[in-house]
Amino acid sequence: MSAADTPAAAAPRTRRIIPFLVFALAIALLVATPFLPNYHIRVINGLLIYILLGIGLNIVIGYAGLLDLGFVAFYAVGAYTYALLASPQFDLHLPFLLILLIAAFLGMLTGILLGIPVLKLRGDYLAIVTLGFGEIIRIMMNNVDWLTGGPQGIARLDKASVFGIEFARPVEIYFLLLVIVFTVAVLVWRMEQSILGKAWAAIREDQDAARGIGINTTNAKLAAFATSASIGSIAGVIFAASQRFVSPESFTLQESVLIVLMIVIGGIGNILGIVAGAAILILLPEVLREFAEWRILFLGLLMIVLIIIRPAGIVPRSFGPDKLIRGLFGK
Amino acid sequence: MLGTIIQQTVNALTIGSIYALIALGYTMVYGVLRMINFAHGEMFMLGAYAAFLALTLVVGDIGAVGAIGLTLVFFGAIVAVGFVGVGIERLAYKPLRNSTRLAPMLSSLGVSLSLVTGVQILAGPQPVGFPSFFPTTRFDVFGGTVTLVQIGILIAAFILMFGLYMLVNRSRMGIIVRAVSESRPTAQLLGINVNMAISMVFFSGPLLGAAGGILYASYYGIMSPTMGAVIGLKAFTAAILGGIGSIPGAMLGAYILAFVEVGGTALLPVVSGGVLGTEYRDVLSFAILILVLLMRPAGILGEPVSEESMVYKREF
Numbered sequence: 004m005s006a007a008d009t010p011a012a013a014a015p016r017t018r019r020i021i022p023f024l025v026f027a028l029a030i031a032l033l034v035a036t037p038f039l040p041n042y043h044i045r046v047i048n049g050l051l052i053y054i055l056l057g058i059g060l061n062i063v064i065g066y067a068g069l070l071d072l073g074f075v076a077f078y079a080v081g082a083y084t085y086a087l088l089a090s091p092q093f094d095l096h097l098p099f100l101l102i103l104l105i106a107a108f109l110g111m112l113t114g115i116l117l118g119i120p121v122l123k124l125r126g127d128y129l130a131i132v133t134l135g136f137g138e139i140i141r142i143m144m145n146n147v148d149w150l151t152g153g154p155q156g157i158a159r160l161d162k163a164s165v166f167g168i169e170f171a172r173p174v175e176i177y178f179l180l181l182v183i184v185f186t187v188a189v190l191v192w193r194m195e196q197s198i199l200g201k202a203w204a205a206i207r208e209d210q211d212a213a214r215g216i217g218i219n220t221t222n223a224k225l226a227a228f229a230t231s232a233s234i235g236s237i238a239g240v241i242f243a244a245s246q247r248f249v250s251p252e253s254f255t256l257q258e259s260v261l262i263v264l265m266i267v268i269g270g271i272g273n274i275l276g277i278v279a280g281a282a283i284l285i286l287l288p289e290v291l292r293e294f295a296e297w298r299i300l301f302l303g304l305l306m307i308v309l310i311i312i313r314p315a316g317i318v319p320r321s322f323g324p325d326k327l328i329r330g331l332f333g334k
Numbered sequence: 475m476l477g478t479i480i481q482q483t484v485n486a487l488t489i490g491s492i493y494a495l496i497a498l499g500y501t502m503v504y505g506v507l508r509m510i511n512f513a514h515g516e517m518f519m520l521g522a523y524a525a526f527l528a529l530t531l532v533v534g535d536i537g538a539v540g541a542i543g544l545t546l547v548f549f550g551a552i553v554a555v556g557f558v559g560v561g562i563e564r565l566a567y568k569p570l571r572n573s574t575r576l577a578p579m580l581s582s583l584g585v586s587l588s589l590v591t592g593v594q595i596l597a598g599p600q601p602v603g604f605p606s607f608f609p610t611t612r613f614d615v616f617g618g619t620v621t622l623v624q625i626g627i628l629i630a631a632f633i634l635m636f637g638l639y640m641l642v643n644r645s646r647m648g649i650i651v652r653a654v655s656e657s658r659p660t661a662q663l664l665g666i667n668v669n670m671a672i673s674m675v676f677f678s679g680p681l682l683g684a685a686g687g688i689l690y691a692s693y694y695g696i697m698s699p700t701m702g703a704v705i706g707l708k709a710f711t712a713a714i715l716g717g718i719g720s721i722p723g724a725m726l727g728a729y730i731l732a733f734v735e736v737g738g739t740a741l742l743p744v745v746s747g748g749v750l751g752t753e754y755r756d757v758l759s760f761a762i763l764i765l766v767l768l769m770r771p772a773g774i775l776g777e778p779v780s781e782e783s784m785v786y787k788r789e790f
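If you read the protein sequences in the order shown, they are chains Y and B. Be aware that the first sequence starts at 4, since it is given in the working numbering, and climbs by one per residue. Be aware that the second sequence starts at 475, since it is given in the working numbering, and climbs by one per residue.
The reader is advised that the hints may include incorrect statements.
[To be verified] Among chain B residues calculated to face chain Y with C-beta under 10 Å, some are:
1) Gly540
2) Leu576
3) Ala577
4) Leu583
5) Ser586
6) Leu587
7) Ile595
8) Thr611
9) Gly648
10) Ala703
11) Thr711
12) Val757
13) Phe760
14) Leu767
15) Pro771
[Unchecked claim] Which residues of chain B face chain Y? A few of them, derived with a C-beta cut under 8 Å, are:
16) Gly477
17) Gln481
18) Ile510
19) Ala566
20) Pro569
21) Ser573
22) Leu580
23) Gly592
24) Asp614
25) Thr700
26) Tyr754
27) Leu763
28) Ile764
29) Val766
30) Glu777
Source of the hints: derived by calculation from the structure; they are not laboratory data. Keep in mind that this is a model prediction, so the values were computed, not measured. For glycine and all other residues, C-beta sits at the position ideal for the given N, C-alpha and C.
Produce the complete structure using the sequences and hints provided.
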């Protein structure tokens, strides 16, 4: 698969064919989705939400190199923000866009609140503290019944509506998600290219050296936590609006782990990789639905094999969106 | 009052012993490979299933086995799981030894998923009743109740942990394991067979975890394919609390965690005046874990770490 295996003459052509194929496939899927049955659209919506989560978590893991195993907490913050502000729970019915802003802000706040105490931790230690943080949030959701409805969760959430247009049917949610995922992906990709993104890369490669050349690692790390958390929170809002029901069951440790796996299997630090990883881990179990629990066994074994044969992920960091675009338009 | 205290203490010691057996596996693997083995909770589950399989298929009726038979089943099952552990290391972790540090960890997640689903396919996803390995005799101690099962668990756990202590501190194999855990490259330069040490760790860790699983299943009388996840997380917490990589730390952490849990269940509703119910005991455990990690990242008995030594280059 590496450039060394292909004959030198054929290399430029393959480099153009693969982006074209990927691009054509993506466009075909995007255009075809609205015409599929509702069930399939729901699966695609789930995929898009996971891509959004992956893009968010990738900022902390892939760009800044900090392993966060409690990401699902921010997802929960967003989902419960929507559930509390747009449901009969407290009889509040705020508009969708306002809630989206509030949730993004609250997510950012929780991200910073988690970020400050763990600034000094790295590696496995950071992973474990974030894991504990995620579990605490989940147990709280399960038990603060007067606020979150406990294990039963909160039901009968409002339909999302933006400027009088309602987003309730799977197709409508699909279009909403498409706009949000695309916007977030472009913003995050630009962030990665910005000076802040370069600071993250420096921290990832060698934090002490980064500090040495005058990067304020505290601010850069907090920015990574805040951005990532607010994207997770936004994903939570859309998840809640599309399910119109939230319960602690959706925010377990397994969920956090699934998102990490998605990123690593797809290609860490690369938005295209996240799309590939999400496609494998979310779509494959759906495609193999008739095989019941055998598909989960298959998925587990596939995970091991993929990590062994492609440690850098399906789409390595070096093949980012810029390469794809350059490949498409011939430089 | 005295009876209640004794009873709760024995409860905490029982649960703590089971946590300790599992926590040892996490800490030894971490000590040697610097890897969090997420599949370790599944060894605990496999232990219970292996013993159940041996009892129902090979032996037939549990009443007819007798104490010696049960002991044989117990050791047969845990040794079998030990070999499973070695096999898993060879297939899923060894190829990744020179990869990034995240890779074997994620591979272990794949192993965990595969094992849980495999058992679900073979034995069914629903919980199964587990025959007790001990007679259900109860003792009355100053008004509190202590069961023979609990005493049996304490004795079995003590023997196993003492065995591990002797193995690590008093045997040639233990020296090899400790040398590799100190520094793998140096041990290799000195001509130590690193693979041997790693296999040893992946044999004894799952063996102890499986023993914990059998004891746990016979304490609660039930087992299920997903039992490893929750208890695994608890034991993992205990290992971190005590200082991951440290064997006495894992034991200490396990007993501290068990006392916090039992104490939390008994005291939280009383202390908070009914605001916080017993369900908050896990919040309490994790809060203590986070506080310890923030103040002393290496855990209670772990080697002190500086911020710089927390990260090894080529993390991702």
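How the hints compare with the structure:
no.	hint	in the structure
1	Gly540	violated, 37 Å
2	Leu576	holds, 6 Å
3	Ala577	holds, 5 Å
4	Leu583	holds, 6 Å
5	Ser586	holds, 8 Å
6	Leu587	holds, 3 Å
7	Ile595	holds, 6 Å
8	Thr611	violated, 36 Å
9	Gly648	violated, 25 Å
10	Ala703	holds, 8 Å
11	Thr711	holds, 8 Å
12	Val757	holds, 5 Å
13	Phe760	holds, 4 Å
14	Leu767	holds, 5 Å
15	Pro771	holds, 5 Å
16	Gly477	violated, 30 Å
17	Gln481	violated, 26 Å
18	Ile510	holds, 6 Å
19	Ala566	holds, 5 Å
20	Pro569	holds, 5 Å
21	Ser573	holds, 5 Å
22	Leu580	holds, 5 Å
23	Gly592	holds, 6 Å
24	Asp614	violated, 35 Å
25	Thr700	violated, 10 Å
26	Tyr754	holds, 7 Å
27	Leu763	holds, 5 Å
28	Ile764	holds, 5 Å
29	Val766	violated, 10 Å
30	Glu777	violated, 13 Å
Of the numbered hints given earlier, the model fails hints 1, 8, 9, 16, 17, 24, 25, 29, 30; all others are met.
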